[in-house]
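Protein sequences appear in the order of chains F and W. FYI, in the numbering used here the residues of the first sequence are 38 to 176. FYI, in the numbering used here the residues of the second sequence are 2 to 157.
FYI, nobody ran anything at the bench for these hints, they're computed from the structure. Do not take every clue at face value.
To be verified - In silico lysine-lysine, DSSO-like type, Cα no more than 27 Å apart, as pairs:
id, chain 1, residue 1, chain 2, residue 2
1, F, K40, F, K51
2, W, K110, W, K56
3, W, K56, F, K156
4, W, K118, F, K156
5, F, K156, W, K150
6, W, K56, F, K40
7, F, K51, W, K44
Said to hold, decoys possible - Looking from chain W toward chain F, a few residues come up when the C-beta cut is under 7 Å (computed):
id, residue
8, A18
9, F19
10, T20
11, M45
12, T67
13, E124
14, E141
15, V145
16, T147
The structure presented is a predicted model; accordingly, all values stated were derived computationally and were not measured. No residue lacks a Cβ here, since even glycine has one placed at the ideal position from N, Cα and C.
One letter stands for each residue in the lines below.
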Amino acid sequence: MRKFLIATHGALAKGAQSSLDIIIGATDHVFIIQAYLDGNKSIEAELLAVMEQVSPSDELVIFSDLLGGSVNNQILKFALRENVHVVSGFNLPLLIEVILSDASSPIVEIIGSAIERAKEQIVYVNNLMTIRPNEDEDD
Amino acid sequence: MIKLTRIDDRLVHGQVAFTWTPALGIDCLLVANDKVAKDDFQKMALGLAKPSGVKLLIKSVPDAITWLNDTRSANHKILLLVNSVKDVMALSNEVAEIQSINFGGIRGKEGAVSISKAISVTEEDTAIIRELLKKGIELEVRQVPTDNKQMIENLL
């Protein structure tokens, strides 16, 4: 089974999960870790608790907020496991695409294409705002 | 062919772009709305919300009816979007293919009562809904494809 972990500094993970609930509906198998909300503690114990729920036949995709941040740094050692995949700098489109992806497609390909598409979602919207009248093409 | 007819007062937005469109293999979003069809700013805004690789058509309700009854629409997998019960009634009266209507979201307003988390209806809406039910059209409430269908007759 494919499982997911959103791990962030502070409450971003819970917020992202709340947005997912609204846009794609409630999702199973999404864990969250919110580092340092409660003092300056390591997330080691929380990470281990998640890992305990991931069997060798499961796949775990971890989304972290910052490449080089301490959350991602603590996750790194688990990325050596064959069934663990880590993506840093996630955004909401990336979460949606990976979580909704077909569970039978290979995760490596899904992550690759989802990252490309998620990057395209970061745009300077003002530059796209050109109003073109009567643009309706019909066929 | 019409894959889904949806009432959603946000028209094209996250749930539509990220869940319904891929789940149903939609290649054409048809927004049927008289006001939006005349409003270049709103058309531009909906264009920004459109998922890539999908065609977006924005037409007045009469033009949408003509297009849906034309053979040109037959090759598309269409998600028909309207923002009111009234508009969906007008469409279903003229487009025989509409046999099921998805209630995706109608936000609350003065004089409307909430019948589910995302749907509020006025008395006028309820009267139209009863007419649609009499015609034997399925009316189901789901925000996203993975929600369980709730039948509107059980919510009124």
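Hints and how they fare:
1. F:K40 <-> F:K51: Measuring from Cα to Cα gives roughly 16 Å; hence the hint holds.
2. W:K110 <-> W:K56: violated (31 Å)
3. W:K56 <-> F:K156: holds (22 Å)
4. W:K118 <-> F:K156: violated (33 Å)
5. F:K156 <-> W:K150: With Cα atoms ~34 Å apart, K156 (chain F) and K150 (chain W) exceed 27 Å; violated.
6. W:K56 <-> F:K40: Status violated; Cα separation ~33 Å.
7. F:K51 <-> W:K44: Outside the cut-off at roughly 34 Å; violated.
8. A18: violated (9 Å)
9. F19: Check passed: Cβ of F19 (chain W) comes within 5 Å of chain F, closer than 7 Å.
10. T20: holds (5 Å)
11. M45: At about 5 Å, which falls below the 7 Å cut-off, the nearest Cβ of chain F leaves the hint on M45 (chain W) intact, so it holds.
12. T67: violated (10 Å)
13. E124: For E124 (chain W), the interface hint is violated, since the closest Cβ of chain F sits about 29 Å away, which is over 7 Å.
14. E141: violated (15 Å)
15. V145: holds (4 Å)
16. T147: Holds, because the Cβ-Cβ distance from T147 (chain W) to chain F comes to roughly 5 Å (cut-off 7 Å).
Hint check: violations occur at hints 2, 4, 5, 6, 7, 8, 12, 13 and 14; the rest are consistent with the structure.
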